[in-house]
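Visitor: Numbering (full-length UniProt numbering), first residue to last: 1 to 484.
Just so you know, these hints were derived from the structure itself, not from any lab. Think of the CB as a built atom: it goes at the ideal place given N, C-alpha and C, for glycine as much as any other residue. Heads up, a few of these hints could be off.
Said to hold, decoys possible - Simulated DEER-style distance windows between Cβ atoms:
#1 Glu481 x Asn181: 52 to 62 angstroms
#2 Asp470 x Asp434: 21 to 31 angstroms
#3 Ala170 x Pro64: 35 to 45 angstroms
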Amino acid sequence: MTNIADLKHLQGDSLRARVQRFGGNLAAMIMPNIGAFIAWGLITALFIPTGWLPNETLAQLVDPMITMLLPLLIGYTGGRLVHGQRGAVVGAVATVGVVVGSEVPMFLGAMVIGPLAALAVKGFDRLVDGRIRTGFEMLVNNFSAGIIGGAMALLGLVAIGPVVEALTTAAGEGVEFLVSNSLLPLVSVIVEPAKVLFLNNAINHGVLSPLGLSQAAEAGQSVLFMIETNPGPGLGILIAFLLFGPRLSRATVPGAMIIHFLGGIHEIYFPYVLMKPRLILAAIGGGAAGVATAMITNAGLVAVPSPGSIFAYLAVTPRGGYVSVLLSIAVATGVSFLLASMLLRFGRGADEAITSPPVTAGSTAAPAKVAAGTRAEQPPSPRAVISGKDVSTVLIACDAGMGSSVMLAGQLRGRLEPHGVRVEHVSVGEIPADAQLVLTHIDLADRARATAPNAVVVEFTSFLSDPAFDAVTEAIKEGGELRG
1 MTNIADLKHL
11 QGDSLRARVQ
21 RFGGNLAAMI
31 MPNIGAFIAW
41 GLITALFIPT
51 GWLPNETLAQ
61 LVDPMITMLL
71 PLLIGYTGGR
81 LVHGQRGAVV
91 GAVATVGVVV
101 GSEVPMFLGA
111 MVIGPLAALA
121 VKGFDRLVDG
131 RIRTGFEMLV
141 NNFSAGIIGG
151 AMALLGLVAI
161 GPVVEALTTA
171 AGEGVEFLVS
181 NSLLPLVSVI
191 VEPAKVLFLN
201 NAINHGVLSP
211 LGLSQAAEAG
221 QSVLFMIETN
231 PGPGLGILIA
241 FLLFGPRLSR
251 ATVPGAMIIH
261 FLGGIHEIYF
271 PYVLMKPRLI
281 LAAIGGGAAG
291 VATAMITNAG
301 LVAVPSPGSI
311 FAYLAVTPRG
321 GYVSVLLSIA
331 VATGVSFLLA
341 SMLLRFGRGA
351 DEAITSPPVT
361 AGSTAAPAKV
371 AAGTRAEQPP
381 SPRAVISGKD
391 VSTVLIACDA
401 GMGSSVMLAG
411 QLRGRLEPHG
421 VRVEHVSVGE
431 IPADAQLVLT
441 HIDLADRARA
451 TAPNAVVVEF
461 TSFLSDPAFD
471 AVTEAIKEGG
481 ELRG
């Protein structure tokens with residue numbers, strides 16, 4: 001499994017792949033625990049004095065969950081990513097140190113010390129590998145984990161915790177400065193372009209969510225939860241694409257709108273922006289308008305809505321906040337639609353060539369052959385080749401392994417399972433070393449190849465009806481060659 005400390009795959013990667021991997025590691029510590037974050041948000045929304053059902057006894061759950069439970073889960077998960085169960089246990093123990101030594105929720109501290117403690121025990125395990133006398137393995141393993149975990153907890157208490165607390169306080173003051181000076185909408189200039197480069201999970205779960213949780217713990221809600229997750233900018237772009245986009249691509253838009261707005265899988269609209277890169281201006285405008293509306297109306301959420309579905313939004317909206325939250329989404333949708341419509345010239349030249357990212361050669365070649373690891377203008381790479389008849393498992397990889405890959409895996413199972421091929425979803429950073437065939441979006445292909453260099457990696461540009469899916473299906477059915 002690829003872990004936070006493993007840097008060997010970075011060699012030869014593009015800068016974007018490196019940034020995606022770093023952000024993906026941050027998000028990987030948060031996303032498996034989203035259910036716990038939502039549980040805290042719902043309890044907060046219901047039982048605090050300003051909640052729907054104020055209850056002093058039940059509200060006692062709020063503080064322990066945000067100050068102890070959630071950081072421990074993050075530290076545990078971060079440790080597991082680095083060194084399995086041993087790393088998870090040591091990461092959790094070490095996290096207690098930063099929690100006890102701080103007066104603010106230690107989400108960022110847990111994201112630092114959990115993996116760091118696991119790195120320490122991983123280094124120890126490598127050092128003593130093969131040197132422990134028979135019969136003493138359990139003794140050494142247990143005491144080493146205990147000693148290292150305890151030492152890291154002390155280090156967290158006296159050193160790491162105070163430093164992270166100072167950084168967290170500074171970041172909070174920076175956010176407060178942006179809010180006080182009505183500058184928070186400018187954050188969309190960074191957030192929206194980063195989203196379409198598949199950094200959405202890193203931005204939301206790695207940066208905005210920890211800061212938002214600290215803010216929500218004090219104020220009962222936070223506008224930071226609404227910056228990256230607002231479905232309005234993407235919905236507006238999809239509506240404009242449906243009405244004024246290239247005619248050949250319009251057929252897939254209604255399904256994308258449903259998946260995006262109701263299902264909360266925002267990755268579905270990223271390829272449409274990448275087809276027409278100028279549409280990023282519409283996303284920025286819509287995002288900024290949504291944030292500005294939220295600030296003006298004092299909107300906020302009690303927890304992160306994950307996925308960014310309208311249903312998730314409604315579930316974590318505080319009492320009395322529905323009008324302002326829905327208005328923020330509506331304004332973001334309207335502004336992005338108007339800007340996208342103008343950028344698409346209201347349909348004039350709708351049949352012009354789509355300036356999408358280069359597709360794989362397999363998308364234009366004969367269906368039985370996919371040159372998945374190359375751009376259309378480059379010769380096929382001889383690095384990885386497999387016959388379709390030898391494929392037993394197809395992996396669908398996305399950034400987090402919990403959103404678009406799940407959706408796409410569901411689509412392809414009906415096609416491939418009748419031919420005896422299993423279809424599974426996975427995070428692009430956790431592709432098994434023995435993977436045979438991996439399907440992933442073109443912007444994640446570099447990371448997929450770095451994680452599983454021996455696998456055939458097929459790139460696609462659209463999550464709906466991409467020619468690469470037909471090519472792979474045909475190759476498996478007819479025993480054609482797949483090349484990556």
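Visitor: Next step is simple, just say for each hint if it's right about the structure.
Guide: Do the hints match the structure? See the list:
1. At roughly 59 angstroms, the beta-carbon separation of Glu481 and Asn181 lies within the given 52 to 62 angstroms, and the hint holds.
2. The hinted window of 21 to 31 angstroms between Asp470 and Asp434 holds, with their beta carbons roughly 26 angstroms apart.
3. Distance hint for Ala170 and Pro64: a CB-CB separation of about 26 angstroms, inconsistent with the stated range 35 to 45 angstroms.
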